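Chain A is already provided as a structure; the job is to place chain B on it using the hints.
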Amino acid sequence: MYNYTAFDKDFVTTRAEQFRDQVQRRIDGSLTEDEFRPQRLMNGLYLLLHAYMLRVAIPYGTLNSRQMRALADIADRWDKGYAHFSTRQNVQFHWPKLQDVPDILKALAAVDMHAIQTSGACIRSVTADHFAGATADELADPRPTAELVRQWSTDHPEFAFLPRKFKVAVTGSLHDRAVTKFHDIGLRLVQNANGAPGYEVSVGGGLGRTPMIGQVLRDFLYQADLLPYLEAILQVYNQIGRRDNKYKARIKITLHEHGLEDIRQRVEANFALQRGRFNGADQDILTRIEADFRPPAFKSASIHHFEAQRAQDPFFKAFTNTNLHPHKNPDYAIVTVSLKAHGATPGDAGSAQMRALADIAARWSHNELRVSHEQNIVLPHVHKADLPEVYESLRLAGLATANIGLISDLIACPGMDYCDLATARSTNVAQGIAQKFDALKREHIIGPLKLKISGCINACGHHHVGHIGILGLEKGGIESYQITLGGDGTENAAIGKRIGPGFSADEIVPAIERLIRAYLAHRQTADEAFLTTYRRLGPAPFKAAVYPEKEPKNEL
Amino acid sequence: MSFENPNLSRSAHVAALNKRFKNTDTVDMLREIMADPGFGKLALVSSFGADSVVLLDMVANINRALPIIFIDTEMLFHQTLTYQRKLAKDLGLQDMRRILPAREAVLERDFDNLMHRSDTAACCALRKTEPLARALAEFGGWISGRKRYQGGARAAMELFELDAEQRIKINPLAHWSREDLAAYITAHGLPRHPLVTKGYKSIGCASCTTPSGTVENERAGRWRGQNKTECGIHIGEAARSVIVTDEGFTDEDWADGFHSFDTMPTQESPALAIDLQSDFSAEDLLPWIAKIDLIRVDFPVFSDGRGFSLACQLRLLGFVGRLRAKGHIVADQYAMARRSGFDEIEIDHALARRQPERVWQTCANWRARDYQNLLRQSA
Numbered sequence: 001m002y003n004y005t006a007f008d009k010d011f012v013t014t015r016a017e018q019f020r021d022q023v024q025r026r027i028d029g030s031l032t033e034d035e036f037r038p039q040r041l042m043n044g045l046y047l048l049l050h051a052y053m054l055r056v057a058i059p060y061g062t063l064n065s066r067q068m069r070a071l072a073d074i075a076d077r078w079d080k081g082y083a084h085f086s087t088r089q090n091v092q093f094h095w096p097k098l099q100d101v102p103d104i105l106k107a108l109a110a111v112d113m114h115a116i117q118t119s120g121a122c123i124r125s126v127t128a129d130h131f132a133g134a135t136a137d138e139l140a141d142p143r144p145t146a147e148l149v150r151q152w153s154t155d156h157p158e159f160a161f162l163p164r165k166f167k168v169a170v171t172g173s174l175h176d177r178a179v180t181k182f183h184d185i186g187l188r189l190v191q192n193a194n195g196a197p198g199y200e201v202s203v204g205g206g207l208g209r210t211p212m213i214g215q216v217l218r219d220f221l222y223q224a225d226l227l228p229y230l231e232a233i234l235q236v237y238n239q240i241g242r243r244d245n246k247y248k249a250r251i252k253i254t255l256h257e258h259g260l261e262d263i264r265q266r267v268e269a270n271f272a273l274q275r276g277r278f279n280g281a282d283q284d285i286l287t288r289i290e291a292d293f294r295p296p297a298f299k300s301a302s303i304h305h306f307e308a309q310r311a312q313d314p315f316f317k318a319f320t321n322t323n324l325h326p327h328k329n330p331d332y333a334i335v336t337v338s339l340k341a342h343g344a345t346p347g348d349a350g351s352a353q354m355r356a357l358a359d360i361a362a363r364w365s366h367n368e369l370r371v372s373h374e375q376n377i378v379l380p381h382v383h384k385a386d387l388p389e390v391y392e393s394l395r396l397a398g399l400a401t402a403n404i405g406l407i408s409d410l411i412a413c414p415g416m417d418y419c420d421l422a423t424a425r426s427t428n429v430a431q432g433i434a435q436k437f438d439a440l441k442r443e444h445i446i447g448p449l450k451l452k453i454s455g456c457i458n459a460c461g462h463h464h465v466g467h468i469g470i471l472g473l474e475k476g477g478i479e480s481y482q483i484t485l486g487g488d489g490t491e492n493a494a495i496g497k498r499i500g501p502g503f504s505a506d507e508i509v510p511a512i513e514r515l516i517r518a519y520l521a522h523r524q525t526a527d528e529a530f531l532t533t534y535r536r537l538g539p540a541p542f543k544a545a546v547y548p549e550k551e552p553k554n555e556l
Numbered sequence: 001m002s003f004e005n006p007n008l009s010r011s012a013h014v015a016a017l018n019k020r021f022k023n024t025d026t027v028d029m030l031r032e033i034m035a036d037p038g039f040g041k042l043a044l045v046s047s048f049g050a051d052s053v054v055l056l057d058m059v060a061n062i063n064r065a066l067p068i069i070f071i072d073t074e075m076l077f078h079q080t081l082t083y084q085r086k087l088a089k090d091l092g093l094q095d096m097r098r099i100l101p102a103r104e105a106v107l108e109r110d111f112d113n114l115m116h117r118s119d120t121a122a123c124c125a126l127r128k129t130e131p132l133a134r135a136l137a138e139f140g141g142w143i144s145g146r147k148r149y150q151g152g153a154r155a156a157m158e159l160f161e162l163d164a165e166q167r168i169k170i171n172p173l174a175h176w177s178r179e180d181l182a183a184y185i186t187a188h189g190l191p192r193h194p195l196v197t198k199g200y201k202s203i204g205c206a207s208c209t210t211p212s213g214t215v216e217n218e219r220a221g222r223w224r225g226q227n228k229t230e231c232g233i234h235i236g237e238a239a240r241s242v243i244v245t246d247e248g249f250t251d252e253d254w255a256d257g258f259h260s261f262d263t264m265p266t267q268e269s270p271a272l273a274i275d276l277q278s279d280f281s282a283e284d285l286l287p288w289i290a291k292i293d294l295i296r297v298d299f300p301v302f303s304d305g306r307g308f309s310l311a312c313q314l315r316l317l318g319f320v321g322r323l324r325a326k327g328h329i330v331a332d333q334y335a336m337a338r339r340s341g342f343d344e345i346e347i348d349h350a351l352a353r354r355q356p357e358r359v360w361q362t363c364a365n366w367r368a369r370d371y372q373n374l375l376r377q378s379a
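Respectively, the protein sequence lines represent chains A and B. According to this note's numbering, numbering within the first sequence proceeds without interruption in unit steps and concludes at 556. According to this note's numbering, numbering within the second sequence proceeds without interruption in unit steps and concludes at 379.
Only chain A is shown next, with the shape it has when bound in the complex (with noise of 0.2 Å):
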């Protein structure tokens, strides 16, 4: 993991104090409500519905045990008692008080932690694919140039006031699990025929209103070019993108009224003088990030006890079946520990599962977390001999759900029960999804399903990257919840397509019910994915299975 350095350390530390005195000034009035919100929004602090919320920035979605128990601490000491781990790698707190933060900042900066950037129109916390250093499929490892790109992000002094968010993940495997079509800037980590690292650089994803898949601006760019054409790239829409209309302010619609050669002229024109500013001294870093990302010491033993226990205990065999994934080292696994057991909220967790979950990877898995974008917990490093323990800790801390990947492992935004720009609940469809099919027993023979639920038309729910998307809306004063089909989020993108009139509060459930049935009807084999059948298909028998008695009504 990356090691604080005395400069970074220093950063955090008076970053939290020069919040505080921004605290300090919005109170005694120097500062307007007007001009403290950017600065709170940089510091991570929303005003929503009921209360203020901090963000806070989990980089790349890594941190260690101790990071995690002082987030436990935060919970309880400012909070109640828990946390929401978020569709961005961040982890949100929704009921500190104002006069609080500057406090909160100082104990998560005692951490080498902060919550810089975690929202405002300024470039994100960056996000990275949270199997990243430990999967087995990985072509390089996406979380060193995470970290260069955090560095260099952190307090830009031309990128602070941009028309909107800007956010750029990357991914260094060759299955997308950064959703990086779906981000402002899109990384891959590449190489080009001779061999030599670089990236291949994709521009104008995103969800929200208006659904885009990113465009690959430039197939291949040399490792040590990369902070350069960020500059240029950022340069070009800070000064060209929109800022009369919030909704067509993301770089995703620059690049749509632009054109692809446009842009890719204006960055590469800018990209020429951008790069003298850089002498290699960010590649040096970079180099010095590498040592820190270096594979911890793996340990050999046999794995006999592991294969025992699965042939003995169906339970641990379930949730070997759905919450593993292939580890570089095959005597390992990534464990992946559901935030949704059935009929809780999606993505909560209360802080003693947090210590717990502290403990256990401190003991089973080097030390180290992640936060993935599906709103889980990521134990990266577990040898398999290990697992039984590691299971039997989980289980007792209520944490051993054996959903990963399938129908009830969903995501949803908060919706109207904490957001002010909800138009519609959707943590109570998550909820009544969840238990319907826990209560058929079908989710384990239904097999992997992404289901992703938003609470309105900005898409923190990432329904249009859903296999199955329901997009929660209000029509004359009731919720009406739309469903979308054959959404992607990885390396095959794709946006969902809607596929008729929506269903209140009430059908909603049922009729998912309905769309299951029909999937588990027209499949092929028992192997066939939901997606794969839907893209062998096509809409109409779901059309179908859904709308049973009547044609689809105009749309709404």
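These are calculated hints, taken from the structure and not from any lab test. Note that the structure is a prediction, hence the values are computed from the model and not measured. Be careful, since some hints might not be right.
Heads up, incomplete: computed chain A residues facing chain B, CB under 10 Å, no partners named [unchecked claim]:
(1) F7
(2) Q22
(3) L148
(4) Q151
(5) P157
(6) P163
(7) V236
(8) I240
(9) E257
(10) H258
(11) A269
(12) N270
(13) L273
Glycine residues also receive a C-beta, built at the ideal position from the N, C-alpha and C atoms.
The following block gives chain B in isolation, referenced to the frame of chain A:
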């Protein structure tokens, strides 16, 4: 989730007006503006001097009831007073307001009427600036007859500006030449100020005005021998701004005015400063970049970060002169501005009062904790 809402600021409004009326006929523009309730109550401020009759005639033809403010400093030429009464009668001005300095203030500060000999600035303040400020208090905007060809700070004047009180100030004749004025006066058969034929091209108080030579600047006869070209009523924002540097607050030290990109002088200028809007494309300046001494970039609202990138680009393109950010910038942005290439920041008095020098000084250490510099090692 939470969105910025950058309201159109007053300076952005002014920029939009300048764009909108750039090519509009002066009378048409006046007619539109005088009918637009969006400006609030308007007044024309006139000295009844050498060329004042042009604007007075135009305005009277549109609406004789428009309030006309005339500042009688009690030091004017008697010819000016006679001329003022004649014009008011000839043009049928219905709301003529002759404004005098405050009686008690004059008795207290200039009882012998000789202050102009020892301190012209204080005299102008007492007899012109302060009375005008009181007279304008009820108005949302005002019309002035200044022209760019008069030189000095007027050379770079726009059609629309903001004064120190954030009122819109309209300069309908900004782009008129001396010949244009003479032609209008002849064509409309208007009476001239009697002193014009005696060589006075710009007429203020009798105590401080002399005739101007034929090759001199038109206003050279005003405050002759002093480094003063304006009485104070037209020194709006610029001179009353505060300049923020690493050392703290200082006063404006640039006295040569600012051009817009469109009004850049064609010939070589010994001291050239230009104003750029934040959406300006830096490459367009490339042919002039070595000739400019000072570039001032407008920040219409603090949440518009384009100016930071514009500054960076100007530096990348080789601009080595003074670079100033002007407008709505808060102390917390000081480090960003300095790191992006700005040397200084110009803020108005209202902002300086709200965010005093000590607040800016806490942000003055802009080199500390700079990740980008670390990655570039360019220190």
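How the hints compare with the structure:
Proximity of F7 (chain A) to chain B holds as hinted, the smallest CB-CB distance being about 7 Å (cut-off 10 Å). For Q22 (chain A), the shortest C-beta to C-beta distance to chain B is roughly 7 Å, which falls under 10 Å, so the interface hint holds. With a cut of 10 Å, the hint placing L148 (chain A) at the interface with chain B holds, because the nearest CB-to-CB distance is about 8 Å. Interface restraint check: Q151 (chain A) against chain B, minimum CB-CB distance 5 Å, threshold 10 Å, status holds.
Satisfaction of the interface hint for P157 (chain A) is found here, the shortest Cβ-Cβ separation to chain B being roughly 4 Å, below the 10 Å cut-off. Checking P163 (chain A) against chain B: minimum C-beta separation of about 8 Å stays under 10 Å; hint holds. The interface hint given for V236 (chain A) is met, as the beta carbon of that residue sits about 9 Å from the closest beta carbon of chain B, less than 10 Å. Of the supplied interface hints, the one on I240 (chain A) holds, with its beta-carbon coming within about 9 Å of a beta-carbon of chain B, less than 10 Å.
Because the smallest distance between the Cβ of E257 (chain A) and any Cβ of chain B comes to about 15 Å, over 10 Å, the interface hint for this residue is violated. A distance limit of 10 Å between C-beta atoms decides the matter here; for H258 (chain A) the minimum to chain B is near 14 Å, and the interface restraint is violated. Restraint check, A269 (chain A) versus chain B: the minimum CB separation of about 9 Å is within 10 Å; hint holds. Because the closest C-beta pair between N270 (chain A) and chain B is about 8 Å apart, less than 10 Å, the hint holds.
The closest approach between the C-beta of L273 (chain A) and any C-beta of chain B is roughly 5 Å, which is under the 10 Å cut-off, so the hint is satisfied.
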